[in-house]
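4 protein chains.
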Amino acid sequence: MQRVRYYWDYLGLDEVLAAQRLASSEDGGDPAHDELLFIVTHQAFELWFKQILWELDAVIGTLSQAPVDERDMGQVLHRLERINEIQPLLVQQFAVLETMTPLDFLDFRDQLIPASGFQSLQFRLIENRLGLDPAKRMKIQGSHYTSRLSREHAARVEASESEPTLLGALDAWLARTPFLRFGAFDFWAAYRDAVTTMIERDRQIVATNANLDEVSRQQQLDAFETTVETFATLFDRERWEQLRAQGRRRLSHEAFLAALLISLYRDEPAFHTPHRMLRTLVDLDIGFHAFRNAHAQLVHRTIGGRIGTGGTAGHEYLEAAARRHRVFTDLFDLATYSVPRDELPELPDDVRDQLRFRFQPS
Amino acid sequence: MQRVRYYWDYLGLDEVLAAQRLASSEDGGDPAHDELLFIVTHQAFELWFKQILWELDAVIGTLSQAPVDERDMGQVLHRLERINEIQPLLVQQFAVLETMTPLDFLDFRDQLIPASGFQSLQFRLIENRLGLDPAKRMKIQGSHYTSRLSREHAARVEASESEPTLLGALDAWLARTPFLRFGAFDFWAAYRDAVTTMIERDRQIVATNANLDEVSRQQQLDAFETTVETFATLFDRERWEQLRAQGRRRLSHEAFLAALLISLYRDEPAFHTPHRMLRTLVDLDIGFHAFRNAHAQLVHRTIGGRIGTGGTAGHEYLEAAARRHRVFTDLFDLATYSVPRDELPELPDDVRDQLRFRFQPS
Amino acid sequence: MQRVRYYWDYLGLDEVLAAQRLASSEDGGDPAHDELLFIVTHQAFELWFKQILWELDAVIGTLSQAPVDERDMGQVLHRLERINEIQPLLVQQFAVLETMTPLDFLDFRDQLIPASGFQSLQFRLIENRLGLDPAKRMKIQGSHYTSRLSREHAARVEASESEPTLLGALDAWLARTPFLRFGAFDFWAAYRDAVTTMIERDRQIVATNANLDEVSRQQQLDAFETTVETFATLFDRERWEQLRAQGRRRLSHEAFLAALLISLYRDEPAFHTPHRMLRTLVDLDIGFHAFRNAHAQLVHRTIGGRIGTGGTAGHEYLEAAARRHRVFTDLFDLATYSVPRDELPELPDDVRDQLRFRFQPS
Amino acid sequence: MQRVRYYWDYLGLDEVLAAQRLASSEDGGDPAHDELLFIVTHQAFELWFKQILWELDAVIGTLSQAPVDERDMGQVLHRLERINEIQPLLVQQFAVLETMTPLDFLDFRDQLIPASGFQSLQFRLIENRLGLDPAKRMKIQGSHYTSRLSREHAARVEASESEPTLLGALDAWLARTPFLRFGAFDFWAAYRDAVTTMIERDRQIVATNANLDEVSRQQQLDAFETTVETFATLFDRERWEQLRAQGRRRLSHEAFLAALLISLYRDEPAFHTPHRMLRTLVDLDIGFHAFRNAHAQLVHRTIGGRIGTGGTAGHEYLEAAARRHRVFTDLFDLATYSVPRDELPELPDDVRDQLRFRFQPS
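Residue numbers (full-length UniProt numbering), protein chains in the order written: chain A, 1 to 362; chain B, 1 to 362; chain C, 1 to 362; chain D, 1 to 362.
In case anyone wonders, no lab produced these hints; they're calculated from the structure. Hints may be right or wrong, so weigh each one.
Capping the alpha-carbon separation at 25 Å, the derived lysine to any residue pairs in SDA-like fashion look like this [as the list claims (entries may be wrong)]: (1) K139(C) - V4(D); (2) K136(C) - S116(C); (3) K50(C) - G131(C); (4) K50(D) - T101(C); (5) K139(D) - D14(A); (6) K139(B) - G131(C); (7) K50(A) - L103(B); (8) K50(C) - D27(D); (9) K139(B) - A290(B); (10) K50(D) - D27(D); (11) K139(B) - E158(B); (12) K136(B) - Y317(C); (13) K50(B) - Y10(A); (14) K139(A) - V157(A); (15) K50(B) - D14(A); (16) K139(B) - A18(C); (17) K139(C) - I205(B); (18) K139(C) - E225(B); (19) K50(B) - L103(A); (20) K139(A) - D9(B).
Sample of chain B residues facing chain A (criterion: CB under 7 Å; computed from the structure) [unchecked claim]: (21) R5; (22) V40; (23) F94; (24) L103; (25) L112; (26) T329; (27) F332.
Each residue gets a CB set at the ideal place from its N, CA and C atoms; glycine is no exception.
Generate the whole structure from the sequences, applying the supplied hints.
Have a look at this one:
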């Protein structure tokens, strides 16, 4: 017999739409009107978290192949962009939830205790899948970040710390770039000259800026030395890896150089898609930053300076997490190492040739 | 024993996150990657539809009391605004779904047939709860709009046609406004004079506009007569109700006059909240219009000119529905009847006094 | 002497911020508070229109080279995406302007007459630069669309009708694609078979859909014949060009086939950027559609059914223009011609090879 | 002779559209393509800043009357909401500007030096008009925040520090609320009991939360004492004003109590509009926070860790300013003092009666 597909059944709406069980009316009391909004919003978050995990797993899977078929890079980019399209949705969901005023929330808040958003298994998995450094994790009231989870969920989250990550897969893919070694052409020496010129020009700006008093000029010149130091690590694998060991860099030295190359020569056809991918990863970081900030803001407005239902310090914790829980900080820093187009060393013809398509445009 | 509330259980995530069953892998095949997105997006739609129905029911309930306690009007407005905050979310969900390209969709589209978004029970209920005129309903391929629904769902939707609607509750609330009759002061006569002055000025614009050639001037002057006719119905309950019987007006004559009064004298304290409510209802109409347009656009991009999985004509149907399925068109028309502030008849002191708070501002 | 650049002077703020001259206070009267918003919003529109024209000119310039260096395609895409990023800004500007209520507008509206948004020189130039078909232009009250412009502006707009357009440049670029002729491999025959199979399956859906009564089934089967006809034109240059002469197609036959090829085989590296470009052009069309709709909606809310300051029929004109003034309709239709991935004819190895980069991924 | 108003002239487009003078082509060189975007975006910012100042001045003017006619409060709210509608526009403008990649910016960046966004006169005026505490101002590289401005602009900004502010006008308006003294009814004693009950319940949550280990429990209980202290200041004008002298509170004791009253009893008709106004002020703070964050993010992406054109430390400065430059922090804290609806002391009938309209709903 032929199966007749029906919208309601296909979408499992019997289960999905029965899963809003208001705690406020559990013991026979009147439901708190706004509790439905609270539940629906969180369920929608979790649906989208599932989708994000699905895309992350697919992308990590593709990037982990060696070599990655260039044909697949369009899809990798496309799926990362999809996550980026989901992110404003999550922020807007907080805007909807903000229509619940403090008084509305107090109508059912006590019944949620000690449940809390800190217990979102899937969000923790997303963070780990992206490649969040466990050492940068905020503690929750002095306890481990999995301490609020059920034993089973805590185990899954902890296991995920050692599973493949997007950052790791990206690193491996970048480090394999065949363009880091350019035969006879010493690209990096030429680039280093260009950077040095540019830094010197920046230093001149400080030295001659008529708007600066002497104290602040000296402060800036001192700060400048730090910048020069930072640049130096770019050409010194050992110092780079030291910074990495300290958690101040996440990408390997080779991967970072590859990312820099892609960023500088993004006009070459072979770098069009990779360059977009690097920008999209920055967008992803910004997107989760915006999500955490929106959460912090909601908590601030809704409970003010009170403690959260999970016994946490509320919005300040969330704001701090927004600042610390970034993954692709190295990619933000690519801008630091840009040089103006007309000062970029020109690629040798044979290298540039390799970065084109096989066909001739007509 | 104390119940320990846990996020996962409270939100019913066991059920919600198990309800994504991919048709593409039902018979043991590989899942189509994008089918999860398709399912998650539609489930999120249905969650928000449930929330919208919840708010609509509450608002209709409050507005249906006689009299409505003015204390409750803040909440009525607040809940309508919440729906309006949900609407951009729905539009953005289509933007996410648009990341599914035609080829991605074809990977599993055939397996959905004949399921279709036309089978969304909850969306049909929302339309009826708002007060969509059944006579304005688009047919689906010549059949009744409930013809794609299961027997049970069709029955629920049809029953909802005779249940209380937001439009109806609004009408009743407006018609009860105590300010329509102003004792000795003949407000409407004074207002009619003001309108007449304004119309005459508009006619002069046409008559003397140097940019118009004679043909288009005459066209416009003819069109003007229609406007004058329309104005006339405002002061003639019988003709108004004729238009209403033809479906060209939805609000009763008294309700419309009350809405107009609120709109013209919105600066009076007693009209602050009602005036916002009227504007929010227009926003709601626009919000659902945007939702339907976003749907049409998604369909256009994803299946082009092909027929939909439910056997419908696709995006053209949806665009036509966006244009026709409006509910609060009368409120848009309030602008037609505005007159400049300095030509508005002044309210008599005793009327104006009634529209203030009892306390004296200090 | 060294020039010291100052923010205010660099941005010409002396001129820009002095250019808000309120008509309402021109003759010494009190300014209408909301007139500043009206002016500022329109000036911001015109600033962004200038930016859009700047990007369009650059893109048309690049695409008009023969051949286009593939290195430049990243930039072409990037600039089109920038326009697409500007579009939501324009829509949001209408949302800001909607905070001006009908009464607020009436405070100064009469003084604007007969000035009107129809007189935006730059928006008309944008439409023509995109490639809007002059034959599809809405008349304004029976007059030519330039009839409201000053003589000088009308001349510039009319001249722009014969200047290079984005549509034209795209067509030329697509038509030069070297992949339309595949040596011995008869791609189009294989593709035609695949399409025929798919159409037949769609017909079966209609023929066997248990939800359809006989009348609507027959209607749909008839409609189906039209679809088959449409498909047929794809393989028949002559009939295609007939449709084009009637304005029902805009792209040349060759250009459309190239776009279809890119769309079907977008996974090939050489098609990554072109495929994004085609999707972005659809986004652009949608973006201007949204802009026009937002304008229509603003007018509807602000003046209702009254005539506009320029003597036009108001929101209905604008809604109709939103529907008619589309440029890249052919690209929407690409979805119509998609076939599932596993039914796509496989590209011969030598063709596929040409679509890759010269380097080998490692 | 009759003046014929023309769109282009009315909007001053001759001046506005001639004010984009590219520094990159000043000396006859090729223009840097992206410099136009840079200029247009900043000019659009300044147009909107002018509009925001216009609205702020109007609102401060109205709120500074004593008494404020309740009729005017609708307009006050409306104008604040308009600013709030402009804010997402400003954020989206940064998104447009982010399409300028680091390389694109370097094409003309050096020519801007030492001009900088820190020199936006109008943004500084906005901050002061809102009521930003001068003591909380970030220094710019150790110098006063006006040090980058021209002498004339610096003088205007410094003068604005002593002009009326929105915060000040709000404070005065709140402090005049006639509802703070309720005759015989000792509202604050009853409220204090309710708060004490609620705090004690929160303390129990901490004391009995099975998820807490002993160390973090003790931490939280200690933190709790701080909360209790904070609550205590609410009922002790002297300690409140001490906090205020330290900059930890901005509103006067009386104004804060009035705001709290409005917030707790927002359902009363007389509080509908004031309650919205308080929420909108929080939205405004959040909106400027989002603006500063978007700016920081743009700078981070575009120049990385380099110094800004104005010789500043770049994105870190901006992020810190986003956190510190808040004005309405007291209003965020209202949530801290909420109590559940069913524990709120009931208002005595005579008080409640004063908060209603004079007319009887029918």
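**Asked** Which of the listed hints are not met by the structure?
**Response** 5, 6, 10, 16, 23, 24, 26 and 27
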